[in-house]
Amino acid sequence: EAGVAQSPRYKIIEKRQSVAFWCNPISGHATLYWYQQILGQGPKLLIQFQNNGVVDDSQLPKDRFSAERLKGVDSTLKIQPAKLEDSAVYLCASSLASREETQYFGPGTRLLVL
Amino acid sequence: AQKITQTQPGMFVQEKEAVTLDCTYDTSDPSYGLFWYKQPSSGEMIFLIYQGSYDQQNATEGRYSLNFQKARKSANLVISASQLGDSAMYFCAMREPYSGGGADGLTFGKGTHLIIQP
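Protein sequence lines correspond, in order, to chains X and S. First residue of the first sequence: 1, per this note's numbering; consecutive thereafter. First residue of the second sequence: 1001, per this note's numbering; consecutive thereafter.
In short, the hints are calculated from the structure, not lab data. Any given hint could be a false lead.
[What the hints assert, rightly or not] As a list, the in silico DMTMM-like pairs of lysine to aspartate or glutamate whose alpha-carbon atoms are at most 20 Å apart:
hint	chain 1	residue 1	chain 2	residue 2
1	X	LYS44	X	GLU68
2	X	LYS44	S	GLU1096
3	X	LYS78	X	ASP57
4	S	LYS1073	S	GLU1044
5	X	LYS44	S	GLU1044
6	S	LYS1003	X	ASP56
7	X	LYS78	X	GLU68
8	X	LYS15	X	GLU85
9	X	LYS11	S	GLU1044
10	S	LYS1110	X	ASP86
11	X	LYS44	S	ASP1026
12	S	LYS1110	X	GLU85
Values in this document were obtained by computation on a predicted structure and should not be read as measured data.
Work the whole structure out from these sequences, hints included.
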């Protein structure tokens, strides 16, 4: 079974530029999460989707971050404009359904904002 | 107050020894879930073990076991017979009680960097 796929794996941009990350969850997984992991810290939840609806985006900085999951499968996370403090690893995870024991994570996208 | 506390930033352990990684948590609700994830240098988070707050027995998965002490709000990970491939960051995480709507994102600790020495 294929795992969670993410692209790109690495991205370097200058501050005030835009960037987008893509995630393809495990086939059949209805729930999708985006986490931000700053160096030296644990991941922090940004947004959770159930199918194509947002369940929780309380920690998403909505002035610059946006995310969508239009057809309930793939998801994109966008930052516009990027700030230096957005440098982090962005992890996508999926689970079969909400409240499932296991969230499966992708390899992440490492973003460096200069 | 931090919801998940991991007090060991780093640990060095000899190969084949057992290792205990500490985790304490803070919640006032009786229903919650506790997780341990491994993150090698490649960056992917690998699920290791899960413990539900109502589970009567400590969870075990192969060489991993969770020492769950509910009254002390402690959920330590025990790795038996450590191997060189166990070298990685280890994160403890908690899933909050169900608040309706299906929100169940995990809250992670800061992690422990485990290095297994030959």
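Taking each numbered hint in turn, which are not upheld by the structure, reported in ascending numerical order?
-> 4
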